[in-house]
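Protein sequences appear in the order of chains A and B. Using the UniProt record's numbering, read the first sequence as starting at 1 and increasing by one per residue. Using the UniProt record's numbering, read the second sequence as starting at 1 and increasing by one per residue.
Treat the hints as calculated values from the structure; they're not laboratory data. Treat each hint with caution, since some may be false.
Any copy, or any two copies together, can satisfy a pair, since identical chains are not distinguished.
Using 30 Å as the maximum straight-line C-alpha spacing, the simulated DSSO-like pairs for lysine-lysine come out as follows [claimed, not checked]: (1) K284 x K326; (2) K123 x K62; (3) K263 x K326; (4) K5 x K326; (5) K284 x K328; (6) K62 x K284; (7) K123 x K284; (8) K5 x K192; (9) K102 x K263.
There are 2 protein chains.
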Amino acid sequence: MSIPKANILLIGSGGVGTIAALNLEAGQLAHVTAVLRSNYQAVLSNGFNITSCDHGVLKGWKPTTITNLIRETTPESPKYDYIVCTTKVITDCPPSTVDLIKPAVTPGHTVIVLIQNGLNIEKPYLAAFPETIVLSGISMIDSHEVSPGVIEHGSADDLVIGAFRNPNLDVGAEAAAAERFVRLYSAAGKTKCIFGPDVAYSRWRKLVLNACLNPICALTGLDTGRIRLAGDAVEMLVRPAMEEIRAAARSVGVDLPEDVCEKVIEAYPVTMYLPPSMLEDVWKGNLVEVESIVGEPLRVGRANGVAMPTLSVLYNLLKGVQWRTKEKRGLIEIPAQGSDVADS
Amino acid sequence: MSIPKANILLIGSGGVGTIAALNLEAGQLAHVTAVLRSNYQAVLSNGFNITSCDHGVLKGWKPTTITNLIRETTPESPKYDYIVCTTKVITDCPPSTVDLIKPAVTPGHTVIVLIQNGLNIEKPYLAAFPETIVLSGISMIDSHEVSPGVIEHGSADDLVIGAFRNPNLDVGAEAAAAERFVRLYSAAGKTKCIFGPDVAYSRWRKLVLNACLNPICALTGLDTGRIRLAGDAVEMLVRPAMEEIRAAARSVGVDLPEDVCEKVIEAYPVTMYLPPSMLEDVWKGNLVEVESIVGEPLRVGRANGVAMPTLSVLYNLLKGVQWRTKEKRGLIEIPAQGSDVADS
Numbered sequence: 001m002s003i004p005k006a007n008i009l010l011i012g013s014g015g016v017g018t019i020a021a022l023n024l025e026a027g028q029l030a031h032v033t034a035v036l037r038s039n040y041q042a043v044l045s046n047g048f049n050i051t052s053c054d055h056g057v058l059k060g061w062k063p064t065t066i067t068n069l070i071r072e073t074t075p076e077s078p079k080y081d082y083i084v085c086t087t088k089v090i091t092d093c094p095p096s097t098v099d100l101i102k103p104a105v106t107p108g109h110t111v112i113v114l115i116q117n118g119l120n121i122e123k124p125y126l127a128a129f130p131e132t133i134v135l136s137g138i139s140m141i142d143s144h145e146v147s148p149g150v151i152e153h154g155s156a157d158d159l160v161i162g163a164f165r166n167p168n169l170d171v172g173a174e175a176a177a178a179e180r181f182v183r184l185y186s187a188a189g190k191t192k193c194i195f196g197p198d199v200a201y202s203r204w205r206k207l208v209l210n211a212c213l214n215p216i217c218a219l220t221g222l223d224t225g226r227i228r229l230a231g232d233a234v235e236m237l238v239r240p241a242m243e244e245i246r247a248a249a250r251s252v253g254v255d256l257p258e259d260v261c262e263k264v265i266e267a268y269p270v271t272m273y274l275p276p277s278m279l280e281d282v283w284k285g286n287l288v289e290v291e292s293i294v295g296e297p298l299r300v301g302r303a304n305g306v307a308m309p310t311l312s313v314l315y316n317l318l319k320g321v322q323w324r325t326k327e328k329r330g331l332i333e334i335p336a337q338g339s340d341v342a343d344s
Numbered sequence: 001m002s003i004p005k006a007n008i009l010l011i012g013s014g015g016v017g018t019i020a021a022l023n024l025e026a027g028q029l030a031h032v033t034a035v036l037r038s039n040y041q042a043v044l045s046n047g048f049n050i051t052s053c054d055h056g057v058l059k060g061w062k063p064t065t066i067t068n069l070i071r072e073t074t075p076e077s078p079k080y081d082y083i084v085c086t087t088k089v090i091t092d093c094p095p096s097t098v099d100l101i102k103p104a105v106t107p108g109h110t111v112i113v114l115i116q117n118g119l120n121i122e123k124p125y126l127a128a129f130p131e132t133i134v135l136s137g138i139s140m141i142d143s144h145e146v147s148p149g150v151i152e153h154g155s156a157d158d159l160v161i162g163a164f165r166n167p168n169l170d171v172g173a174e175a176a177a178a179e180r181f182v183r184l185y186s187a188a189g190k191t192k193c194i195f196g197p198d199v200a201y202s203r204w205r206k207l208v209l210n211a212c213l214n215p216i217c218a219l220t221g222l223d224t225g226r227i228r229l230a231g232d233a234v235e236m237l238v239r240p241a242m243e244e245i246r247a248a249a250r251s252v253g254v255d256l257p258e259d260v261c262e263k264v265i266e267a268y269p270v271t272m273y274l275p276p277s278m279l280e281d282v283w284k285g286n287l288v289e290v291e292s293i294v295g296e297p298l299r300v301g302r303a304n305g306v307a308m309p310t311l312s313v314l315y316n317l318l319k320g321v322q323w324r325t326k327e328k329r330g331l332i333e334i335p336a337q338g339s340d341v342a343d344s
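So here's chain A without its partners, still in its complex pose (with noise of 0.2 Å):
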């Protein structure tokens, strides 16, 4: 007897959702269909070029269905059964993915997969999706679109799902969810992807990284490895941002090693030159992600008391370069030059 393949919409085919694309059509447990927004016209003509560590050299590479338009569904149209956002997590930007994926969702049906960094990302989809089970993906890939349909992936892809606790749902079912979702995941034997229920855990260890190595490097154009040889960079910025992460994570009672700073620290090489993501969208002129990764675990923390003053001013400071990056998009307009100095 054939199974039926999982009907996948994916939300933001970049890096990560490119090869997650791939790889789950790879492993022939489903179909994807790709919204593409400002690489649709590049993959439209020419499909995917992908050189990647686990899938190899592809030119022309496409996933079942690619669209620019996430079409309602009728009582007609299949359903989809996961919907897989690994677009980046811009909350203080309309639009937002929640709005975006609407017309998409079976409530009761549809999975919704988020795999993007940071704290209470779930909470805008289950205000939204009552009745629908949300997965988080928590991915170490280093997968870039260098140009519009062009991927390049360096390193092996390691995805955690788990599921983010719905309260109206039965926890066997998320768990279940989450389950079929690594086996689809896991079908093609590329990657490895494992179930790992403590979700906490597992966005809050990533947060170590994420919340306090991509802001200071954003903020002082150093890369991974620049951070390591510049000086006492390291122990006078990262590790106080980590050891804050990891106090404001047991405020909220999840342990974290006490090594976790220093080995998150020694996973990446002095000469390995790599810019983090935010470092390299702030030099493209794109929005990060400064609420989700950083705004997010610096509010949590403060809530619990816990003093955060490093994380505080980067988060700041990265609030500033981001009102900065919307004025040059045009999203935000000032007022013309001298109109409120009086004449003299």
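Since the structure of chain A is already known, use the hints to place chain B on it.
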């Protein structure tokens, strides 16, 4: 009886220094030898082209002498009465201005005038020239070298001169040297130059601006207007940093008034979009005055038990920016990519 003109050596003829030279020469009580570096060829060929709110438009103006070399003074050559330094204070990178001016200093005669921001900048001069009077100049001037030899001077020159205390010398002689310089500088009648004996007060007062707004703007890319428009950046970053400086000043007996932070913030209208010099320098890839403007007040405050969490993060981020600038300028070499990674 005609009084011989004061013989002045000027180190650093950019935005601030060139207007100082022009002003001193215009007063006709001094002639100026300007030591030029990056703009030497341009000024040698074309002179300075100056648009000044105080002095009007000057094409091809030159001080009495321009040179690209500081010559040893000999018994025959005229001694310098004043050596005026208007360069940036980059203490974390050679050469030091102290070493540079050594050949031109006549001990017991020459007076050194540091028209420069920051704290403890006189220390290396007092150490190298124990019999020399060293004056403090705190300048508020909106003057910029927009290209080599081209100076745009937009708002009135405002200079406070005092004497750094040299315990080997008579305090009256120090004050007299300061007052004489004020006379030379004021003679043209174009500028506000006053004798301000409380040097510590003047310098900490200026740091409320420089130690805070400069690094915050340099790190975020926001200028003086935009920092006020950008959400709560003033409340969350600028004002806390300024209050830390005020607390550090208080810890060394300098009582800045309670409304000083407000006054400094309000001095920049919301719609005057002026990039602070440190932001301009970051844009241009220049080194910045991280130690004299940020590091020193931080060290002074901390040594006196003042909590300075905001300044500390700003300082360490700025050191990261400085490190990267040094690397870009070839002053730091980094190991080759992958050279510390084991073969796999």
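Tested hints:
Both within a single protomer and between protomers do K284 and K326 lie at most 30 Å apart by alpha-carbon distance, with minima of 13 Å and 23 Å respectively. Proximity of K123 to K62 under the C-alpha cut-off of 30 Å is found in neither arrangement, the shortest distances being 32 Å within a copy and 67 Å between copies. Within a single copy, K263 and K326 get their C-alpha atoms only as close as 35 Å, which misses the 30 Å cut-off; across copies the closest is 29 Å, which meets it. Proximity of K5 to K326 under the C-alpha cut-off of 30 Å is found in neither arrangement, the shortest distances being 41 Å within a copy and 56 Å between copies.
Taking the shortest alpha-carbon separations for K284 and K328, both the intra-copy value of 12 Å and the inter-copy value of 19 Å come in at or below 30 Å. Taking the shortest Cα distances, K62 and K284 sit within 30 Å of each other inside one copy (26 Å), while across copies they are farther apart (43 Å). Only within a single protomer do K123 and K284 lie at most 30 Å apart by alpha-carbon distance; the minimum there is 29 Å, versus 43 Å between protomers. Taking the shortest Cα distances, K5 and K192 sit within 30 Å of each other inside one copy (21 Å), while across copies they are farther apart (81 Å).
With identical chains, the CA atoms of K102 and K263 are never at most 30 Å apart, being 40 Å at best within one copy and 50 Å at best between copies.
Hint check: violations occur at hints 2, 4, 9; the rest are consistent with the structure.
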